[in-house]
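These are the residues of each chain, in order.
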Amino acid sequence: NAGVTQTPKFRILKIGQSMTLQCTQDMNHNYMYWYRQDPGMGLKLIYYSVGAGITDKGEVPNGYNVSRSTTEDFPLRLELAAPSQTSVYFCASSSVAGGLGEQYFGPGTRLTVT
Amino acid sequence: DQQVKQNSPSLSVQEGRISILNCDYTNSMFDYFLWYKKYPAEGPTFLISISSIKDKNEDGRFTVFLNKSAKHLSLHIVPSQPGDSAVYFCAATGSGAGSYQLTFGKGTKLSVIP
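Protein sequence lines, in the order shown, are assigned to chains F and B.
Every letter in the first sequence is one number past the one before it in the numbering used here, and letter 71, counting from 1, is 71.
Add 1000 to the 1-based position in the second sequence for the numbering used here, that's all there is to it.
Everything labelled a hint here was simulated from the structure, so no lab data went into it.
These figures come from a predicted structure and were not determined experimentally.
Positions of the beta carbon are idealized from the N, C-alpha and C atoms, including for glycine.
Don't take each hint at face value.
Said to hold, decoys possible - Reference excerpt, derived from the structure (chain B facing chain F, CB under 8 angstroms, subset only):
#1 1039
#2 1040
#3 1042
#4 1044
#5 1046
#6 1054
#7 1065
#8 1085
#9 1101
#10 1102
#11 1104
#12 1105
#13 1107
Claimed, not checked - Away from chain F, derived, C-beta distances all over 12 angstroms, residues of chain B:
#14 1011
#15 1013
#16 1016
#17 1018
#18 1022
#19 1049
#20 1056
#21 1060
#22 1076
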C-alpha cells in the first residue's frame, strides 16, 4: 500500500514551458486535492476533486488545470510556467470531504521556474 | 488576510518538557480544526483534530484545546521527544459548504533539544 505517490520529486522549468505533475493514490479515496506551499507559508488549495470526472477550483487556481478521469489519478497541469509558480506542490487524498477527515499527503514535488 | 494564524515561527523545548503550540483564527464559520506535522522533504501527516462542539481532544501525548470565544486553539505535547521536532501546521474548515477547503496557518517549527 503506497498511499499517495507524486512524480517527479524535483523539476526545473523555464518560463513559458508546460508540465504535468502526476499524483496517484491506491486507497480508493474519492476526494483528492492539490496544494502549493511557498517558503514560510502555509499550504494553499489549488484544485480539488470529489470523484472521477468532478473537479473544482480552490483558493489559488490561476495558471493550473486538472483532470480526474479515474479514482486513482489526479494530474496537475501547468501551462506557460511563471516564476510565481516556483513552489512545493503536494497532492492529497481523503475518504471524507475536505477537512472533516484525515487527508493523506504525498511527498511533494519541488518546482523551480527560472 | 490570514484566517488562521500561527504567530510563533519557531519554538525550542527541552526533551521531557511540555511543548505548547498556539493557533488563532478569525473566521467564525470554522468549526473543525486539525493539526498536521511535517518533516523536511515529506508531506504533512495528520496528528489530531477537534470539533467545535468540544473544548478538548486527547490522543496519547497530544492534546488539543479549543477556546471558541477567544477563537484560539493550542496543541500540547507531553512529554516532548526529539522525534517531535518538525513543523506543525494548524488548519481549519467549516462543515457546511466549503468544507472541501482546509485553511492552513504558516506553521511553527518545533525543536526538541535532547
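Violated hints - listed by number, lowest first: 1, 2, 6, 7, 8, 19
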